[in-house]
Amino acid sequence: MLEVTGFTKAFQGVVALDNVDFSLERGEVHALLGENGAGKSTLINLIAGTFPWTEGSCRIGGRPVASLTPQAARENGIAAVFQEFSLVPDLTVLDNLFLGREQSGGFFLKRRQMRQAAVDLLDDLGFHVPLDEKVAFLSRAQKQMVEIAKALRTRPEVLILDEPTASLTDGEAEKLFSAMAVLKGRGVGIIYVSHRMAEIRKLSDRVTVLRGGKKIGTVATAEISDDDLIEMMVGRPVEQLFPKIEQKPGEVRLEVRNLTTADGSVIDASFVARAGEVVGLAGLVGCGRSELCRAVFGLEAVESGTIRLGDKVVERPSPPAMLAANLCYFPADRGSEGLAVMRPARENATMSALRLPSLAAGPVLKFWRENEVIRAPLTELALRPMAPERRVSAFSGGNQQKVMLARGLMKPFDVYLFDEPTVGIDVGAKADVYNLIKRLVEGGACVVVSTSELPELVNLASRIYVMHEGRVVAELGENERSEQQILSHYFGGKA
Amino acid sequence: MSTPSGTQAAAVRASATSLVAGLRAARLPIAILCTLVLFGLIEPRVLSLGNFRNIAIQASYLAIFAMAQTMVILTRGFDLSLGYTVSLVSVAASMAMVAMGGGDAAILWGLGAGILVAALIGLANGLLIAGIGINPLVTTLGMANVVMAFASTVSDGFPVTGLPPGFTAMFAQASVLSIPVPILVAALVFALLFLTLKATRFGRSLYIIGANPRAAVAAGIRTMPVLVVAYMLCSVLIGLGALLLTARTGSGEPNLGGNLTLEAIAAAVVGGVRLSGGEGGVGAAVLGALFITVLSNGMNLVQIDGYLQQICLGVIIIVSLIVSRDVRR
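Residue numbers (full-length UniProt numbering), protein chains in the order written: chain G, 1 to 495; chain A, 1 to 329.
Hints may contain errors.
Said to hold, decoys possible - Once the Cα atoms are required to be at most 30 Å apart in a straight line, the calculated DSS-like pairs of lysine-lysine come out as:
1. 143(G) <-> 202(G)
2. 198(A) <-> 411(G)
3. 110(G) <-> 143(G)
4. 175(G) <-> 202(G)
5. 366(G) <-> 198(A)
6. 366(G) <-> 411(G)
What the hints assert, rightly or not - From the structure, some residues in chain A lie toward chain G, with a derived Cβ separation under 8 Å:
7. 202
8. 207
9. 219
Unchecked claim - Partial chain A-side listing against chain G, Cβ under 7 Å, derived:
10. 27
11. 53
12. 200
13. 225
14. 248
Read the hints as simulated data drawn from the structure, not as lab findings. Bear in mind that the values here come from a model prediction, so they are computed numbers and not experimental data. C-beta: ideal position from N, C-alpha, C; glycine also.
Work out the full structure, taking the sequences as your base and the hints as a guide.
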């Protein structure tokens, strides 16, 4: 039904997609898998006509198509739902559904007919969205539903879904899946972009894996294992995702005793972390492990307790004082607290290093040395693309994370606090983060990782503290740290 | 996007990006030229050398105020007390000069008093906003009221006359190397602030705080002192502009501020300083000031009614906000 061959796209000389073939059968769900920056977005944007391809050819329903614009793609039965919403926030759901395709009889719009058509459309999909609500007041999931309904209004034969479940709850995702099944039954071909292995396995007939703008292969989903898929995606076997870290626990670098925060999110918490080891902080979201890290760094008011860094007790923890005392903290939410996303990567990488001798001479900022200072950290973290002047918001999640992590490499810190270091980043970037942790620990640093990902705890940490309702409820040593062991303490069970 | 010529391609992309950025940066100069030509077609005097000189001098006052606003707009704030600060500085400096005898020796006292008053207003703004955490809108609007009351009370609402003749001669009429003093001062302020923004920790902190205040804190930036200094710097520059304006009028005027608050914010925003912080620079403020001056100069010369001019100004601010929002998508 849809067949593209040799698709190549270059943006101002940079090849984003390199000689990729792709085909879609009638009634097929064809998944596109790849890390951020692999070329998935470029491919679906070419098919949707967002921008023209540099080389290649395209056939739709057997007919060759010389070029595509969004308009031409629509006329050829292609509809796309992208991650960025195209809805107008100030209009109602109904208005948005018919935006630009209002049905009018003479001068007036046929409101009643439009309403009926909208009701039918949403019922068909099993979506419940109030038609007269302004889009601005909808949840992300509801917006997603409206977006999908809008795409389906033109009765497309090819539907492109770009990570549609990213903002949906499980229940909402189920509805989407059943709607997809209905469409599939009608012969609609669906191109499905997702990171989530379980969804790809459940929904798709075939998977095409892209990496670095090139097609790695197309396989029938039923005939390949998850591990093999990941290997295709990242280019190395899954076991190698977690590096083997040589841990040689030395002197105590960070000691927290009976720490209680002013807001009661952390109660009487104690832990120690030594040079040359990774200490894990485990627990449900909201158990207080994030707040514990924040309190140590001085972002959360401390009511009582002591924080000892090296051999010094820190009387009044504050971010500048902790940074000066060689403790580095990476916030969990890079968007809201980690990065100034409208500023270039360069400025974000040096944000916490503006007082280092390499960049500061009194109040003067040695801006002329900045590029030199960030080169090694960004190269080590393999920032892609290596464009320090680009604003951070233009990078993928994994690369935004790398920009933030680069701060930890501006000088040798003694203690690193990572809060959810791999949230929302792809497998390849995760591996890069783990390798960074490995290098830091083997270089003698003390690393504390607070994470909700159990595999990270088990594979990285030598000791694990489990928290529950603000308290540390268990400490698990080298031989007790299995996922089951950790989980058994998640709900407050004592060791 | 791994290609053999990755770095080369990145360089090509970088230069292409800078070309686009260059064109975008040229939007305003183009708009300024178009405006000049358009008014010139209706009224040839617009394009005379004498008028150009006029525009440059007028624009330099507004540019100083726009640059002052830029310092705080970058941090997600603004200073709505600008207009009345101008009035109070004018009155206070004039009264100081008159009290010190009204001779040319009193000029220094006037300058000192004016800058001191401005600095105190800025300090109060900064402490309320950064120290206590009151919204800049509320703080500076309240401050505007307080400052206005002061200006009217101390002057009894009448202009303060009897200023040293040397004051006007030196700060309004004199030229250095045939460049009029107001233009020279504006250029100096520009150079100083440009360097501050680019080459100091304080300057960089302004951008980071404006782009994401929470991230600034988590990166160890001491936001409180930075913000206080930003508001003081803004106020002191306003004071400087007020002194130049006072020299031009030759008396201390309790109503000198007028529409300056709005015009200064408009100039900065039209120039491309992002109203919600984190983006822009003093170059943008200067260009914006030039544009607004060219526009109002043209409207004056073709004799457009004063109120209509105000409407135009308001519309331009709103349009430029909309345009800048689109461009940034």
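- Query: Is the Cα-Cα distance between residue 366(G) and residue 198(A) 30 Å or less?
  - Reply: Judged against 30 Å, a Cα distance of about 9 Å means the pair holds.
- Pair hint outcome, residue 175(G) versus residue 202(G) [Cα-Cα no greater than 30 Å]: 14 Å, holds
- Task: Against chain G, run the beta carbon of residue 248(A) and see if the smallest gap drops under 7 Å.
- Result: 34 Å, violated
- Measuring from the C-beta of residue 200(A) to each C-beta in chain G, is the shortest one below 7 Å? Where the cut-off is 7 Å and the nearest Cβ of chain G is about 5 Å from residue 200(A), the hint holds.
- Classify the hint on residue 207(A) as holds or violated, based on whether any CB of chain G lies nearer than 8 Å to its CB. Cβ of residue 207(A) sits 6 Å from chain G, so the hint holds.
- Was the hint right that residue 225(A) lines chain G, CB cutoff 7 Å? 11 Å, violated
- Would you mind confirming whether the straight-line C-alpha gap from residue 143(G) to residue 202(G) stays at or under 30 Å? 24 Å, holds
- Taking 7 Å as the limit, does the beta-carbon of residue 27(A) come near enough to a beta-carbon in chain G? 19 Å, violated
- Task: Sort out whether residue 411(G) lies within 30 Å of residue 198(A), counting only the CA atoms.
- Result: With Cα atoms ~23 Å apart, residue 198(A) and residue 411(G) stay inside 30 Å; holds.
- Message: Does residue 219(A) hold up as a contact with chain G if the rule is Cβ-Cβ below 8 Å?
- Response: 4 Å, holds
- Restraint status (C-alpha distance of residue 366(G) to residue 411(G) at most 30 Å): 16 Å, holds
- Message: For the restraint on residue 202(A), tell me whether the closest CB of chain G is nearer than 8 Å.
- Response: 6 Å, holds
When the structure is compared with the earlier hints, violations turn up for hints 10, 11, 13 and 14 and for no others.
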